[in-house]
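Start from the sequences, fold in the hints, and give me the full structure.
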Amino acid sequence: MPDSRNVVTVREAYELARKAKHKELRELLVDDVSWSPARAGAWKPCENADDVVRTLLWRAGMNRMRPSELVDVGDRVLVQLRGRHMSRLGAKGMFPKLFQIVVLRGGKISSLHDYPNRESALAAAGLRA
10 MPDSRNVVTV
20 REAYELARKA
30 KHKELRELLV
40 DDVSWSPARA
50 GAWKPCENAD
60 DVVRTLLWRA
70 GMNRMRPSEL
80 VDVGDRVLVQ
90 LRGRHMSRLG
100 AKGMFPKLFQ
110 IVVLRGGKIS
120 SLHDYPNRES
130 ALAAAGLRA
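If you're matching positions, the sequence shown starts at 10 in this note's numbering and goes up one per residue.
For the record, the hints were derived by calculation from the structure and aren't laboratory data. Remember, predicted model here, so these are calculated numbers, not experimental data. Just so you know, not all the hints are guaranteed correct.
Calculated pairs, DSSO-like style, for lysine-lysine (alpha carbon to alpha carbon, straight line, at most 30 Å) [what the hints assert, rightly or not]:
1. 117 x 28
2. 32 x 53
3. 117 x 32
4. 106 x 117
5. 117 x 53
6. 53 x 30
7. 106 x 32
8. 53 x 106
9. 53 x 28
Written as structure tokens, this is what we have:
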């Protein structure tokens, strides 16, 4: 089954960040996009598109963060991330994994929120684990 438009957009955002294509990445974000950490105080939440672009570039570059699983959930995409230093970003477990809920509006990313485990991300998406 082919990927949904939302999954393609999220995958493209991470690919553009990995390639440090600032301008193209910015075009995938709404102006008032936000990004919240998995754990309060882990890092300063992003409050606009410029903050999100910088954070995505840093995470995709330095931490080599990549989406390993993307699940379409209507106007949201559940993302399982892999990469280095995931525990610093709020991931938990023996083999830390970080999960994200990415919300899209009008075909563009409007918010990202990190979660320390699959269960909390699924609950945030309105699903059960």
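Status of each hint after checking the structure:
Taking the CA atoms of residue 117 and residue 28, the gap is about 19 Å. The hint holds against a cut of 30 Å. Simply put, residue 32 and residue 53 have alpha-carbon atoms about 23 Å apart, close enough for the 30 Å limit, and the pair holds. Distance check on the hinted pair: residue 117 and residue 32 sit about 14 Å apart at the alpha-carbon level, within 30 Å; holds. Note on residue 106 and residue 117: the hinted pairing holds, with a Cα-Cα distance of about 25 Å set against a maximum of 30 Å.
Restraint check: the Cα-Cα separation between residue 117 and residue 53 comes to about 22 Å, which is no more than 30 Å; the hinted pair holds. Restraint check for residue 53 and residue 30: satisfied, since their Cα atoms lie roughly 23 Å apart, inside the 30 Å limit. Straight-line distance between C-alpha atoms of residue 106 and residue 32 comes to about 29 Å, which keeps the hinted pair within the 30 Å bound. Among the hinted pairs, residue 53 with residue 106 is consistent with the structure: their alpha-carbon atoms are about 20 Å apart, no more than 30 Å.
Among the hinted pairs, residue 53 with residue 28 is consistent with the structure: their alpha-carbon atoms are about 24 Å apart, no more than 30 Å.
Going down the numbered hints, you'll see the structure goes against none, and every one checks out.
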